[in-house]
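Engineer: Assemble the whole structure, with the sequences as input and the hints as a guide.
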Amino acid sequence: MPKVIKRTAKKAGQAPGTLMHIGERKAESIRITVIDYDEQNYQEKQVTSIKECEPFKTTSTTTWINIDGLHQIDVIEEIGKIFDLHSLMLEDVLNTHQRPKAEDYQSSIFVVLKMLSYDEENDKFRSEQISLVLGSHYVITFQESVGDVFGLVRDRIKNTKWRIRKLGVDYLLYALIDCIVDHYFIVLEKMADKIESLQEKVATDPSQETLQQIHELKSEMIFFRKSVWPVRELVNSLLRSESPLIHKTTEIYLRDVYDHAVQIIDAMETYREMISGMLDVYLSSISNRMNAVMKVLTIIATIFIPLTFIAGIYGMNFEYMPELKWHGAYPAVWLVMATVATIMLVYFKKRKWL
Amino acid sequence: MPKVIKRTAKKAGQAPGTLMHIGERKAESIRITVIDYDEQNYQEKQVTSIKECEPFKTTSTTTWINIDGLHQIDVIEEIGKIFDLHSLMLEDVLNTHQRPKAEDYQSSIFVVLKMLSYDEENDKFRSEQISLVLGSHYVITFQESVGDVFGLVRDRIKNTKWRIRKLGVDYLLYALIDCIVDHYFIVLEKMADKIESLQEKVATDPSQETLQQIHELKSEMIFFRKSVWPVRELVNSLLRSESPLIHKTTEIYLRDVYDHAVQIIDAMETYREMISGMLDVYLSSISNRMNAVMKVLTIIATIFIPLTFIAGIYGMNFEYMPELKWHGAYPAVWLVMATVATIMLVYFKKRKWL
Amino acid sequence: MPKVIKRTAKKAGQAPGTLMHIGERKAESIRITVIDYDEQNYQEKQVTSIKECEPFKTTSTTTWINIDGLHQIDVIEEIGKIFDLHSLMLEDVLNTHQRPKAEDYQSSIFVVLKMLSYDEENDKFRSEQISLVLGSHYVITFQESVGDVFGLVRDRIKNTKWRIRKLGVDYLLYALIDCIVDHYFIVLEKMADKIESLQEKVATDPSQETLQQIHELKSEMIFFRKSVWPVRELVNSLLRSESPLIHKTTEIYLRDVYDHAVQIIDAMETYREMISGMLDVYLSSISNRMNAVMKVLTIIATIFIPLTFIAGIYGMNFEYMPELKWHGAYPAVWLVMATVATIMLVYFKKRKWL
Amino acid sequence: MPKVIKRTAKKAGQAPGTLMHIGERKAESIRITVIDYDEQNYQEKQVTSIKECEPFKTTSTTTWINIDGLHQIDVIEEIGKIFDLHSLMLEDVLNTHQRPKAEDYQSSIFVVLKMLSYDEENDKFRSEQISLVLGSHYVITFQESVGDVFGLVRDRIKNTKWRIRKLGVDYLLYALIDCIVDHYFIVLEKMADKIESLQEKVATDPSQETLQQIHELKSEMIFFRKSVWPVRELVNSLLRSESPLIHKTTEIYLRDVYDHAVQIIDAMETYREMISGMLDVYLSSISNRMNAVMKVLTIIATIFIPLTFIAGIYGMNFEYMPELKWHGAYPAVWLVMATVATIMLVYFKKRKWL
Amino acid sequence: MPKVIKRTAKKAGQAPGTLMHIGERKAESIRITVIDYDEQNYQEKQVTSIKECEPFKTTSTTTWINIDGLHQIDVIEEIGKIFDLHSLMLEDVLNTHQRPKAEDYQSSIFVVLKMLSYDEENDKFRSEQISLVLGSHYVITFQESVGDVFGLVRDRIKNTKWRIRKLGVDYLLYALIDCIVDHYFIVLEKMADKIESLQEKVATDPSQETLQQIHELKSEMIFFRKSVWPVRELVNSLLRSESPLIHKTTEIYLRDVYDHAVQIIDAMETYREMISGMLDVYLSSISNRMNAVMKVLTIIATIFIPLTFIAGIYGMNFEYMPELKWHGAYPAVWLVMATVATIMLVYFKKRKWL
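So the protein sequences, as listed, match chains P, Y, C, G and U. To convert, note that position 202 of the first sequence is 202 in the working numbering; the numbers rise steadily by one, no gaps. To convert, note that position 254 of the second sequence is 254 in the working numbering; the numbers rise steadily by one, no gaps. To convert, note that position 35 of the third sequence is 35 in the working numbering; the numbers rise steadily by one, no gaps. To convert, note that position 102 of the fourth sequence is 102 in the working numbering; the numbers rise steadily by one, no gaps. To convert, note that position 351 of the fifth sequence is 351 in the working numbering; the numbers rise steadily by one, no gaps.
Keep in mind that the hints were calculated from the coordinates and are not lab data. Heads up, a few of these hints could be off.
Claimed, not checked - Straight-line C-alpha distance at most 30 Å; calculated DSBU-like pairs for lysine-lysine: (1) K194/C / K350/Y; (2) K194/Y / K218/C; (3) K101/G / K201/G; (4) K161/U / K45/U; (5) K350/U / K101/P; (6) K295/C / K352/Y; (7) K295/Y / K349/C; (8) K161/Y / K57/Y; (9) K201/P / K81/Y; (10) K352/C / K201/Y; (11) K81/Y / K248/P; (12) K325/C / K352/Y; (13) K350/G / K194/U; (14) K226/Y / K26/Y; (15) K352/U / K194/P; (16) K295/G / K350/C; (17) K101/Y / K226/C; (18) K325/G / K194/U; (19) K295/P / K350/U; (20) K352/C / K295/P; (21) K350/Y / K352/P; (22) K124/P / K190/P; (23) K218/U / K226/G; (24) K101/C / K26/C; (25) K101/U / K101/G; (26) K248/P / K161/P; (27) K194/U / K124/P; (28) K57/C / K161/C; (29) K325/C / K325/U; (30) K26/Y / K45/Y.
Structural biologist: This is the structure we're talking about:
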């Protein structure tokens, strides 16, 4: 996470609106895809120049322009010019370390989110920033790289039976946000799996490595929370927004997203408590184990120290030690030793130390 | 709890309002029961087809339609059509991992709650989601399975002497919610029992298992809180609602439910503090016990180590050790040893280590 | 405390307003006392039937009807009928596990409080629920048992010189609440005494029992807070109330009670911090003591283990050990041992372990 | 601190406005000082009877009446009568355990504050309650004893060059509050000194006594916070007050005091964190020290126990032990022992235990 | 940090608006620089007397007057007179321990901030207070010493291509604040570096010194937070301000600064959690290490104590010990010892103590 800050720091002192790509370059070249539809028609094409998108700006059909890759600043600038986007908005698009937020720029609404997914192969969470711009007849989405979570949304757009074909751009915006938020559940699920398997490990076989895993999980949770927590406020600000771009009919759907966001935050809080509970269990397991080791030492030492002392006594070389000459002395010493050991064992048993 | 998220995750990316049953299938087949009454009349019947409920939609009598089982999506969909229920509402009914909430859909009010009960046989808490829809002349309740906590409400409806026969559907809604909230007290009671018995165990006989029980109790408490905490806000939103479906006269009863919810939340907070207090006592008991063990080792070792050293001295085989030849040496050594041991014991006594 | 919930649980599912006494039966029989006064007149009598109170309902004099004992439900019901009290209000009166609160029932204001006192004999805090109903010309108080903290209020009513004789029923209500809140200071004082004596014990002579006492005190504090915390909100809601039953002139007095409530809550918070500070001191005292014990073992063992080893060497029975034959060997060994011990002691001294 | 509550408890049940001095009697006799001034004139005198102050009540000059000592209730009562002060206000003046607050009594504004100073001689913080009453032409201040922090304010009043001579009574009130708040900085400074010296001690030479000093400091901080925290709210309520007694022009000065109060609270929070950080360092120092002691024992014991065992073996008296007869056996045993010890030391070195 | 308070304390009791430089004297002499520009013209000069600035007060061009050094109170006073600055504002300028804040003085807006930078050479954070005064045609900035973070802003002003030349004084104010806030990212970056390197050290090689470094970092974080936290509120109050000095067009830029401030605060919170997580890891590392040491002692002692006892037995000098005479006794004893040791090792292995 510290890296987040490092890269942003490079921009310190620059004029606001100075376009500069802050983040890893994740894509080879920028790819622009246009999906244009209304209730009857549907068209999807990949364009090579952003100029080709200009006509869609004014048609009454719903247009979704998706841009994959952020490193070609001139392309981003051109989009900005064609669609009249504020330079601060473009700056935010390019800075991939934004806090999720929604902003109302009168003629358009700007939304920044983190698209989270789980990379099964490398057993890692992947985070990608996605910016959404809602205009009167179009939604523009900026992604860091090719590949996203919108497969099912595209399927629904292709099929006339779905509601999405009838409702306008604000519904499209909603559908995309909803899809992103729904994928948070998948990430949560993976996290839940990890917690579950760790919980077992902590109880049965805790090691220094387990501790590290708990802390890793905690870090992931902190990162996840940072991405998800502001989404509630984001959706809420869309709900309260009085922008004409968002219709009354879409509000009920946004409220649904809001509920999901709250549900995720709730679950996260529960997981946090579970993780910190795990830490307690870990520490207490470790100390229990140590105590068990110490107890064995204590008992063995406590029993043998007096016995060894007795043996030491009769190992002394004094000339005048009458016991040494007695015939039954040796077995008697054994008897004494056995008695001492027995008394101690009984005492330990009684105090439940065994 | 992690399972909650797993199942919800399956739906990621689906269109909003896509009906899909999320949760365990708890009932064999859907059972629909209709109770219809006004001040004079009372009728209860089990219907096989939801169509039979349609007439009750418009009659001025109060109708309570109860559906047990959520897995037959077509039946739920049909109910939705007949009673004009929003598809998002039906989606919430089917997703049994909802956060408790109340939503105003103009023509109807939608309430989701967790019905908690204690399963005496298996010594476990059972949680079932219940959705309530308040229309102008009817209340529809959706339950996951047959069997609920509404026995006493049904008895009151059957009997003309009770106020419930005179007051309308909103009072029925209140009565059902009140009944659910009242049952939270029973769950709290069981929790209190568990806490009490654990508290004794922790003080007298703490073991690794006790720790696990404390953490289990804590988990149950977290789960319980998740179910109950939002109820306060839920009732409050009904109170503040300006929906014509809720009459002024019902408000005072809702305020009573609100007070109960607050009381439960208060008690829960107290229990939480008691549980974390128990953890402290547990840890301190364990460490006290360990200390007692260590003290015995310390004292025995501290006394015998010097004595064994003395014995070791006179076990040396030097040819010229004058003491070995002295006649009174052996008893003298015993004397010295006894003196050393006594001094130590007195010192320990003085420092209150014995 | 868990018991609080147990008893309330019995009522689950009952119709709202079903009268049922929840709590211990503390009084033998219900006792009704009427005090009626205005600036000139004063009258106090004990009535046997609640019917006798009916005339006071409409007279313009100030009437205080006090009921001791809550177990005769029919008497409570009759009072309800005579004074037009809402059934939910009566339900709250009978349920002695209410959270302190004030409710405005238009024609009357209902206040529930905990009356706390300290039982010197049994060294225990006593808590009794008291319900106050403010009507246009009367105040009704319901107590669980005979005996209360209102002695000084009664004295002031008897004496014409006091302001209470001139001001109306709302002032009487204020005076009673003020008196209850003032007694919280006495309970706080006792708590302060206990804290002070425990603080000394923890520092000088901590034992497992001390820990238990700290936790007991903590529990009492939690219980106390539960009783007192809502009082601030209660008084505040009376202050903000727009009920005509509370006159402008009384407000300044209520603000005074509010200040006292805040002061008590402040003190409670301070005490809580002191108690948790005590826990820290306790734990650190215990571990300091353990450390002291361990240090003695360590030092003695560390010194004697090498010495015993040296003795062991010359206790070996090899035929060819030249040292054994040397004349000065024995004293030389003693010298070596003394040197080793001295070096160790000096080392320990230097590192401040002695 | 517990004593605070003890004394207040005495008043429980008394009529509101009953005048009773609660607190220590700090002054011999009440001393009344009057300072009267406007832009041109200045007069300061000590009066023996409060009656002499009556004329100042109506003159248009600014009058500051200072009363030192609170134990003569009749004098306080007379002041109340002359200046029409509410009996609840006088009650608050006499109860020296008030929480800082400002109250608007229409014709006057009442402010209670704690005047804190540092007693260099006894190395203790001193706290004195001061009540300020702002009327239309006068400010009355009640102090527990002779001696205050207002020296510089008096100097400024005497000198015509200062703004205070031109601005009215509300500016005087401000100047007094400002002066008290400014002195909090001096107390903070002393606290900072103590923290600094303790921090050094904790790191270099922690002892049980250090712990006690940390806790003492923590208590002082709690007490200090209790005195200062409400001041922010107090000044804020003066700022928001719509009383005609406070002029627009004074507001900017009050905002300045507000800023100072916030700054002090900020610093206090920082100090609190520093103190609790010190506790952590203390505990970890103690345990580090214990660990160092234990490590020495462990190493010495671990090395010598096997060696002593070897010596023990050849101390056995079996008749047929071939090694005993070998010529090189003794030096061989020494070699074996040296090897074992060396291996162990190397192992410890490698694991960084040495 | 404690020093902050010490110096402020000196002023206690002084009249408000008394000018007194509180802080270190960081500059030799006051240096005044004037930058004056509009869309076409640009002029920068250093003036020796503040009088030379007077003409810029009324010209419609944008003027930035920068003052380096605060110790010459007469110069500050003169500036105050020329630009009609309130004496409280000047007092705040001179007191270099201000909490960041923005205040609206009608004719001007006053902003105080901390300018943070990282001194690469001494590996230390440097903090300097900067006060900004926004008038109708000018911005005055007061710095403690020569040298600031505004290099890039000056460059932008010099170049006609930048927006800053077209927009007015409020944009200049914004640009300066933005620049300061942007530099917080650099400080955060350094902090992130330190955290990262410490995290590695804590996991691999924790020492008492590491603990000190963690606490140092924590202190720096507390100090940093104190400087940055109020900035959010500061910018927010500028945003909400209805002052005509701040134009609508600048608001969107201020919102951008606000977002940055929130982002920094977010990152800080994450770092705080990371630091306290490090403390946990540190403590657990230390105790793990101690446990490893103890385990070795335990195992060696537990194995050798019984063996030494056996050796001790046959070291006794009884005349009648039949075993001593047996031919195979010596190897038999070795066998017994090996068996005992093996059993113990197997037991330890099974319990995973090895």
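Engineer: Given the hint that K295/C pairs with K352/Y, does the C-alpha gap stay at or below 30 Å?
Structural biologist: 15 Å, holds
Engineer: Would you mind confirming whether the straight-line C-alpha gap from K101/Y to K226/C stays at or under 30 Å?
Structural biologist: Distance ~27 Å between K101/Y and K226/C Cα, so the pair holds.
Engineer: Starting from K101/G, check that the Cα of K201/G is at most 30 Å away, please.
Structural biologist: 39 Å, violated
Engineer: Check the hint pairing K325/C with K325/U against an upper bound of 30 Å on the C-alpha distance.
Structural biologist: 26 Å, holds
Engineer: When you check the alpha-carbon spacing of K57/C and K161/C, does it fall within 30 Å?
Structural biologist: 26 Å, holds
Engineer: Is the straight-line distance between the alpha-carbon of K194/U and that of K124/P 30 Å or less?
Structural biologist: 25 Å, holds
Engineer: Has the given pair, K295/Y with K349/C, been kept, meaning a C-alpha gap of at most 30 Å?
Structural biologist: 24 Å, holds
Engineer: Given the hinted pair K350/G and K194/U, is their alpha-carbon gap at most 30 Å?
Structural biologist: 28 Å, holds
Engineer: Is it true that the CA of K101/U sits at most 30 Å from the CA of K101/G?
Structural biologist: At roughly 25 Å apart (the allowed maximum being 30 Å), K101/G and K101/U satisfy the hint.
Engineer: For a C-alpha distance cap of 30 Å, please report whether K26/Y and K45/Y respect it.
Structural biologist: With a Cα-Cα distance of about 23 Å, the restraint between K26/Y and K45/Y holds, given a limit of 30 Å.
Engineer: Take a quick look at whether K81/Y and K248/P sit within 30 Å of each other, Cα to Cα.
Structural biologist: It holds: about 22 Å lies between the C-alpha atoms, which stays within 30 Å.
Engineer: Assess, step by step, whether the Cα of K352/C is no farther than 30 Å from the Cα of K201/Y, and give holds or violated.
Structural biologist: Violated, because 42 Å separates the two Cα atoms, which is more than 30 Å.
The structure does not agree with the numbered hints 3, 5, 9, 10, 12 and 18 stated previously, though it agrees with the rest.
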